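Engineer: Residue numbers (this note's numbering), protein chains in the order written: chain W, 6 to 145; chain C, 2 to 153.
It is possible that some hints are incorrect.
Unchecked claim - Derived DEER-like restraints, expressed as beta-carbon distance ranges:
{"id": "1", "chain 1": "C", "residue 1": "121", "chain 2": "W", "residue 2": "6", "range": "46 to 54 Å"}
{"id": "2", "chain 1": "W", "residue 1": "64", "chain 2": "C", "residue 2": "126", "range": "37 to 45 Å"}
{"id": "3", "chain 1": "C", "residue 1": "143", "chain 2": "W", "residue 2": "144", "range": "27 to 35 Å"}
{"id": "4", "chain 1": "W", "residue 1": "65", "chain 2": "C", "residue 2": "2", "range": "36 to 44 Å"}
{"id": "5", "chain 1": "W", "residue 1": "125", "chain 2": "C", "residue 2": "123", "range": "37 to 45 Å"}
As the list claims (entries may be wrong) - Below 30 Å or equal to it, Euclidean Cα-Cα: the simulated DSS-like pairs (lysine-lysine) are:
{"id": "6", "chain 1": "C", "residue 1": "91", "chain 2": "C", "residue 2": "28"}
{"id": "7", "chain 1": "W", "residue 1": "123", "chain 2": "C", "residue 2": "91"}
{"id": "8", "chain 1": "C", "residue 1": "91", "chain 2": "W", "residue 2": "127"}
{"id": "9", "chain 1": "W", "residue 1": "123", "chain 2": "C", "residue 2": "28"}
{"id": "10", "chain 1": "C", "residue 1": "28", "chain 2": "W", "residue 2": "57"}
{"id": "11", "chain 1": "C", "residue 1": "91", "chain 2": "W", "residue 2": "128"}
{"id": "12", "chain 1": "W", "residue 1": "57", "chain 2": "C", "residue 2": "117"}
In short, the hints are calculated from the structure, not lab data.
Just so it is clear, the structure is predicted and the values come from calculations on it, not from any experiment.
Note that beta-carbon positions come from the ideal geometry of N, C-alpha and C, so glycine has one too.
What follows is the residue order along each chain.
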Amino acid sequence: MNNILAMTIGALISVMVLSNGALAASTGNYLSSVIIHLVGFVTVIIVLIATKSRLHANRGIPVYMYSAGAIGVLTVLFNNLTFEALGVALTLALGLLGQSLASILIDHYGLLGMQIAKFNIKKIYGLISIVLGVIIMTIF
Amino acid sequence: MLYIIIAILAGSCIVISRIINFNLANKIGIFQGTFFNYAVGLFLSFLFLIISGEMLYLETNTMAAIPWWAFGGGFAGVVVVVLSTYLTPKLSAFYLTIFIFIGQLLVGGIIDYLWKGEFSMGKIIGGLLVASGLIYNLILDRNLETAGKTDG
Chain W
6 MNNILAMTIG
16 ALISVMVLSN
26 GALAASTGNY
36 LSSVIIHLVG
46 FVTVIIVLIA
56 TKSRLHANRG
66 IPVYMYSAGA
76 IGVLTVLFNN
86 LTFEALGVAL
96 TLALGLLGQS
106 LASILIDHYG
116 LLGMQIAKFN
126 IKKIYGLISI
136 VLGVIIMTIF
Chain C
2 MLYIIIAILA
12 GSCIVISRII
22 NFNLANKIGI
32 FQGTFFNYAV
42 GLFLSFLFLI
52 ISGEMLYLET
62 NTMAAIPWWA
72 FGGGFAGVVV
82 VVLSTYLTPK
92 LSAFYLTIFI
102 FIGQLLVGGI
112 IDYLWKGEFS
122 MGKIIGGLLV
132 ASGLIYNLIL
142 DRNLETAGKT
152 DG
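For reference, chain C alone in the conformation it holds in the complex (with noise of 0.2 Å):
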């Protein structure tokens, strides 16, 4: 149970972090506020590493055994965290993190196919499922906006 609320608020968390982050770049600029948000996370990323123990040092062969590509998470972290600081004034939060999802998912399965021959059914029923719920709910905002009502 501790574990599931755990997860819950990991994702809360993901929300928050990107708001914060936006108040922040409003103030200073998106490069500006993506770089203090490197920054913090390197420290407290080396402060864990030290706390855990961890081995401090990569040896050089194992540090040769690591792909070339496994080291890109870190630079497309980066665009991550300026699109969705630029995005996050102009969609609503929950529009956001849906779209953020769809994306993940379509790329998801498609690298899933691709790199390990793994093709689901269930993510594409599942995927229609998410994706006519979002229709409907986008629907339902338009039929508001053009009613004159911004509470959507």
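Bound conformation, chain W alone (with noise of 0.2 Å):
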């Protein structure tokens, strides 16, 4: 069922990639990212309201700890920088790349609170597969 879900998120991100990028050409690439955290904004808005959810300040928590929203415009940021230099497929490969590789590192050390799953040096195989697989689907 997790795993399931977890396809849903990628099938979002396909037609988030589509819309944001139609968005993005009549736009320009930083309007559209204001336009589109905008209105993902009042969505957000919109569901606390609607689930009658309370926002409280919490001062225990660290600054740290609410930088994913910055991290996530960084991330746009250097994609846009580097799909001019290197291409759509090339920084998608590399994309992955790095997503598996920080992956793999989180889980292998338990980073950020996550629970420590070691990586198993038979699944090498596997990763090589995987690997191969994504190298091939964005090249061709």
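Using the hints, put the two chains back together into the complex; each one sits in its own frame.
Structural biologist: Shown next as structure tokens:
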């Protein structure tokens, strides 16, 4: 069930890329980023009201925990830079490589509060197959 | 070379921001965490827009030329953030990454086919390789679990 839900996220990302791409084409990279976040921001506020969720300031939370949104914007900015220099396919392939490496490191050492899932050396064959598949898919 | 490193870093950032958002949501709630995610994102986007000197205002005729569905990405993004936050503690970071990728490719492939009539053999062969590697590793995990070890 969780795996199917995770694939649904991917499906939504594809729709999002198409939609955001069309927006960026007519408004430019930076303005489209503002519009996308504005639409999202309004959506979250509606959800908060609809679910009667309360927002309360909690002083005990370290500042870095609020940085996810900032990192997201930086990711888009990085991508805009590399799309022009490397092309879409290579940018996506390298991005997925970065995601995989970061995931494996985070799982292995249990970073950022994640549960430790040590890397099993036998998995290297599966990993090679995945990486190969990703390269083929993005290049052809 | 610099761009290659930036592209890899951008990918790492996606995973890191997902987990940081989960840590925040864990303390204040998923929707509340998503709220701050977008509040900070909106502020920073606005800052970059001003620094970039890109035009601040849209002309009405440009606005009218934008198809309605181009505004749907912001909405889809919220669902993505909420679902990712929900799933982060339930799957290992690696499997979440790979399953998201598979969903993205499947639907991306369908969109390319319907939109542009493109259909690539490379995507199918590559997709099969990804799927087989993933299934192999999932089976390894399952065997380890049944063997009573939790490190997979």
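Engineer: Need the list of violated hint numbers for this structure, in ascending order.
Structural biologist: Violated hints (numbers, rising): 1, 2, 5 and 12; every other hint is consistent with the structure.
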